[in-house]
Amino acid sequence: MKHLLILIARFWQIGPSRLLPPTCRYSPSCSQYAIEAIGKYGAIKGGWMATKRLMRCHPWGGHGHDPVP
Amino acid sequence: MDNRNFLLAVVLSGLLILGWDLGMRFFYPEASISAPMDAAEPVSQTSAADAPGTPKGASDLGADAGKMQVIKLNDALASPDRVVIDTPRIAGSINLVGARIDDVVLKDYRQTVKKDSGPVRLFAPEGTPDQYFAEFGFVTGGVRQPSTARWQADGAKLTPETPVTLTRTDADGVSYAIRLSVDKDYMITAEQSATNGSPAAAIIQPFALIKRTDRNATPDQFVAHAGPVGVFGGTLWDPHSYEELAELGGEKPEGAASWLGFTDQYWLSALVPGKGETDSAGFRSLGDSLFRSDLIYAAQTVPTAGSLSQQTRLYAGAKDSEILDSYEDSGITYFGKAISWGWFEIIEKPILWLLRTLNGLVGNFGVAIILLTVIIRGAMFPIAQKQFASMAAMKAIQPKMKEIQERFKDDKQRQQQEIMKLYKDEKVNPLAGCLPLVLQIPIFFALYKVLVLAIEMRHEPFFAWIRDLSAPDPAHILNLFGMLPYDVPGFLAIGPLAILLGVTMWLTFKLNPTAMDPVQQQMFAIMPWILMFVMAPFAAGLLLYWVTSNILTLAQQSYLYSKHPQLRAAAAKEKAAKG
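Here the protein sequences come in this chain order: D and E.
Numbering-wise, the first sequence is residues 1 to 69 according to the UniProt record's numbering.
Numbering-wise, the second sequence is residues 1 to 579 according to the UniProt record's numbering.
Don't read these hints as lab results, they were simulated from the structure.
C-beta atoms are modelled at their ideal positions from N, C-alpha and C, and glycine is treated no differently.
Be aware that one or more of the hints could be misleading.
A few chain E residues that face chain D, going by a derived Cβ cut-off under 8 Å, partial list only [what the hints assert, rightly or not]: (1) Val223; (2) Lys386; (3) Gln387; (4) Lys412; (5) Gln416; (6) Gln417; (7) Lys421; (8) Tyr423; (9) Cys434; (10) Pro436; (11) Val438.
Capping the alpha-carbon separation at 25 Å, the derived lysine-lysine pairs in PhoX-like fashion look like this [stated by the list, open to error]: (12) E:Lys184 x E:Lys157; (13) E:Lys337 x E:Lys349; (14) D:Lys52 x E:Lys412; (15) E:Lys400 x E:Lys421; (16) E:Lys412 x E:Lys427; (17) E:Lys427 x D:Lys52; (18) E:Lys395 x E:Lys421; (19) E:Lys395 x E:Lys563; (20) D:Lys52 x E:Lys386; (21) E:Lys409 x E:Lys395; (22) E:Lys424 x D:Lys52; (23) E:Lys427 x E:Lys402.
Could you build all of it, start to finish, from the sequences and the hints given here?
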């Protein structure tokens with residue numbers, strides 16, 4: 001499960017993400033954040049953290065340096 | 001680094017184009033199957049109607065693949081042993097030989113977009129090329145009553161107002177009755193009863209079956225299942241295509257059946273068990289492209305002069321989500337899931353509802369799709385507005401920005417970090433973030449599925465040459481819209497809508513206010529034209545959505561530029577500088 005999720009995020013990075021305009025408000029990017037979080041905290045907690053990060057990645061959300069705690 | 005990225009992009013694009021054609025052939029195999037199938041060969045497997053000596057009853061109806069001569073549809077329907085079916089939505093007849101419903105056409109749907117094409121035929125008698133029928137019958141003492149037996153009808157016409165009862169008495173004196181009634185939509189109710197007039201007790205099992213060929217079935221697609229389907233033990237069961245069922249031989253899913261049958265992209269036939277214990281419910285492959293869905297009730301011992309009765313419903317019609325859902329509301333578990341909505345049902349249903357409502361207002365599904373796009377883009381507008389406001393604010397901190405870029409021009413990583421820090425300190429950020437983008441992906445996918453699945457969009461015209469929004473754009477540029485006498489092969493078949501898509505997308509990228517590096521700029525110069533080929537084989541309605549969306553993006557950008565004139569000037573200067 002963990003590896004599958006990381007694979008999805010990697011796939012996003014080398015596929016669609018390259019084709020789309022740059023939109024990252026944060027660094028690291030959401031996909032990088034997801035990979036790190038899942039690697040560090042596992043599929044469930046890491047996945048939830050990645051979801052929360054995605055949910056605040058919009059014009060009214062925060063921005064800037066926001067690494068995995 | 002830049003070079004590697006660019007190379008990767010070129011390779012990816014190439015794979016996309018080549019892989020696309022292969023993928024399309026995989027998911028939509030009908031286009032690649034051109035050779036006609038062999039005509040049905042006479043397979044002479046005798047239908048040993050179950051081994052004798054099983055007095056407990058049968059849990060199997062035997063493989064009745066015998067008598068396979070091909071019959072013409074008109075000859076089969078010309079038989080006098082037929083009772084007419086006529087309801088607001090379906091027409092056809094009941095075959096008194098075998099108590100079969102083997103002639104059903106759907107009045108509301110035409111075969112092709114042509115106005116004079118006949119109604120869609122769902123059921124056809126056994127032996128005809130498109131055979132597909134339902135049968136109600138009895139297994140008595142472990143032996144299936146012959147499907148060649150002739151039944152008596154008490155009426156000449158089955159309508160919602162006039163039910164018809166079929167009766168028959170076998171050699172032992174057991175008399176059987178099947179009372180058929182039909183509602184105003186697609187549901188036929190069969191009340192099967194048996195009265196034992198013989199001197200001995202009889203073991204009787206009512207059954208119902210649907211038998212069909214898969215030769216006229218729609219292909220099983222990734223987004224739209226076609227094949228055996230049902231709800232067993234409260235969950236949807238639809239893992240197999242016909243080919244897979246043929247390999248398995250048969251399948252009896254676990255759990256009590258709520259309904260089971262066969263589905264095409266737009267049509268469904270399903271048996272809905274009534275109250276009463278079922279012995280078995282499942283699917284089997286009979287060989288020679290024939291498949292059967294069986295519903296057999298538990299054996300009951302009926303004493304002399306005793307009787308039993310069993311109700312079963314048969315759905316034979318179109319997968320109109322409103323009709324299916326109304327049956328689901330009346331108690332048939334997950335009947336609405338006969339349409340393979342999948343995970344995105346929660347988005348697809350509102351989109352379909354909105355499209356239907358808009359169509360009700362304007363009377364054209366193409367216009368409804370445009371209005372839907374306007375609504376979705378309208379909901380996204382504040383995001384773009386906010387982005388422009390941020391960009392205006394960016395202008396104020398431009399000097400600081402320049403300073404950072406100068407100071408860290410040798411260390412890109414550091415530069416990026418410092419810029420991020422500046423954004424944070426000044427509380428601005430020109431970028432929208434990925435959520436707006438990620439949100440649009442499920443909407444787009446859901447719309448695609450709605451266009452494939454919703455029968456409401458079948459054969460719905462937009463204007464001029466687009467006569468079916470659920471099908472690819474029929475006009476092709478490369479043969480000058482059909483003026484040149486050849487079919488455009490594979491992925492070159494692009495129509496005007498696809499070209500419009502490419503052009504509008506190219507324009508939106510050109511006007512995109514966010515800064516891009518040179519590699520990305522190159523990518524964006526190529527991507528619209530790649531997507532033009534990629535999207536061309538999709539439903540015209542989907543392209544219409546995308547084109548409208550692009551045009552609205554353009555309009556939005558010019559509007560926002562007019563509100564922030566300093567940005568327009570800056571963008572122009574930047575363009576000129578790069579020129």
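Now the hints, each set against the structure:
Hint on Val223 (chain E) is violated. Least Cβ distance to chain D is approximately 19 Å, over the 8 Å limit. Interface hint at Lys386 (chain E): satisfied, since its Cβ lies 4 Å from the closest Cβ of chain D, which is below the 8 Å cut-off. A distance limit of 8 Å between C-beta atoms decides the matter here; for Gln387 (chain E) the minimum to chain D is near 6 Å, and the interface restraint holds. A least Cβ separation of about 12 Å between Lys412 (chain E) and chain D goes past the 8 Å threshold, and the interface hint is therefore violated.
Taking 8 Å as the C-beta cut-off, the interface hint given for Gln416 (chain E) holds, the closest approach to chain D being about 7 Å. Nearest Cβ of chain D to the Cβ of Gln417 (chain E): about 7 Å, under the 8 Å cut. The hint holds. A cut of 8 Å between beta carbons decides the hint on Lys421 (chain E): the least distance to chain D is about 7 Å, and the hint holds. Proximity of Tyr423 (chain E) to chain D holds as hinted, the smallest CB-CB distance being about 6 Å (cut-off 8 Å).
Checking Cys434 (chain E) against chain D: minimum C-beta separation of about 5 Å stays under 8 Å; hint holds. Contact between Pro436 (chain E) and chain D, as hinted, is supported at the beta carbon level, the nearest pair being about 6 Å apart and thus within 8 Å. Checking Val438 (chain E) against chain D by beta carbon gives a least distance of about 6 Å; that is within 8 Å, so the hint holds. As the CA atoms of Lys184 (chain E) and Lys157 (chain E) are separated by approximately 15 Å, the hinted pair is consistent with the 25 Å bound.
Taken as a hint, the Lys337 (chain E) and Lys349 (chain E) pair is honoured in the structure, with Cα atoms around 12 Å apart against an allowance of 25 Å. A C-alpha spacing of about 28 Å is found between Lys52 (chain D) and Lys412 (chain E), which places the hinted pair above 25 Å, so the restraint is violated. Of the pairs offered as hints, the one joining Lys400 (chain E) and Lys421 (chain E) holds, with about 11 Å between alpha carbons and a cut-off of 25 Å not exceeded. Between the alpha carbons of Lys412 (chain E) and Lys427 (chain E) the distance comes to roughly 22 Å, so the proposed pair stays at or under 25 Å and holds.
With a CA separation close to 21 Å, the supplied pair Lys427 (chain E) and Lys52 (chain D) stays within the 25 Å bound. A distance of roughly 16 Å separates the Cα atoms of Lys395 (chain E) and Lys421 (chain E); the hinted pair therefore holds under the 25 Å criterion. Taking the CA atoms of Lys395 (chain E) and Lys563 (chain E), the gap is about 15 Å. The hint holds against a cut of 25 Å. This hinted pair checks out: Lys52 (chain D) and Lys386 (chain E) have alpha carbons roughly 21 Å apart, not beyond 25 Å.
With a C-alpha separation of about 20 Å, the suggested pair Lys409 (chain E) and Lys395 (chain E) falls inside the 25 Å cut-off, and the hint holds. Taking the CA atoms of Lys424 (chain E) and Lys52 (chain D), the gap is near 20 Å; set against the 25 Å cutoff, the hint holds. For a cut-off of 25 Å, the pair hint linking Lys427 (chain E) to Lys402 (chain E) stands: about 17 Å separates their Cα positions.
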